[in-house]
Amino acid sequence: MNEKDQQPQQPEREQQPTLQPRIWVGSLADYNAGRLHGDWLDATVTDEELHDAVRRILASSHEPDAEEYGIFDYDEFGPFQVGEYEQLDVVARVARGIAEHGPAFAAYAQLHDADPDMLDSFTDSYGGEYDSPEDWARDVLHDGLETEIDRAVPDALRGYVAINYAGFARDAELSGDVHFERSPDGHVYVFTIP
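Heads up, the sequence shown is in the numbering used here, so the first residue is 1 and it goes up one at a time.
Do not rely on the hints blindly, as some may be mistaken.
[Said to hold, decoys possible] Using C-beta positions, here's what the derived DEER-type ranges look like:
#	residue 1	residue 2	range
1	83	177	26 to 32 Å
2	161	20	49 to 55 Å
3	117	157	30 to 36 Å
4	75	144	45 to 51 Å
5	49	117	22 to 28 Å
6	166	39	55 to 61 Å
7	73	100	21 to 27 Å
8	73	144	50 to 56 Å
9	60	167	58 to 64 Å
10	85	35	17 to 23 Å
Hints are computed from structural coordinates only; laboratory data are not their basis.
Only a predicted model underlies this, so the values are computations on that prediction, with no experimental measurement involved.
Glycine included, each C-beta is placed from N, C-alpha and C at the ideal position.
Build the full structure now, drawing on both the sequences and the hints.
Written out as structure tokens, the structure is:
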């Protein structure tokens, strides 16, 4: 078997640490009074647990009218951007997905504005992480295609015949079949469009 017949190996990647998304929630009444009153909260808990934690923060405020909160900071959400007034159930849902699936889920959630129906389709949509869109195209098209080209094209012409993997990947994205999203380490996540 010659080198052209062998499928390219995906490079080994270091195991990424499990993300533990958290948010810093503060009382808006305290903030408006010129002080910070809040705490870092584990965002991967259930919706109800997150709501309870926020209620405890507001109840412990020195301001008598502390009824509203803001999310003033967040950590380990990858590319997902948590808004100051993001709904807590959305934050918890995205955080649990990130803890379970890693940063690819964060990219998917950001891509789809944390739409609950889209979040449900993550496992069906996620096509993996590749070094580049071209590497994804090689993986998708490999199935012996290079071998067939070697057999069909005379040796004298083989150097002039090549598959345009970059073009295939670009056309797949432009057609709406797939979406490529950059990962934090410079690779790409591949998502099919459900």
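**OP:** Kindly indicate which numbered hints from before are broken by the structure, ordering the numbers from low to high.
**Re:** Per hint list: 3, 6 violated.
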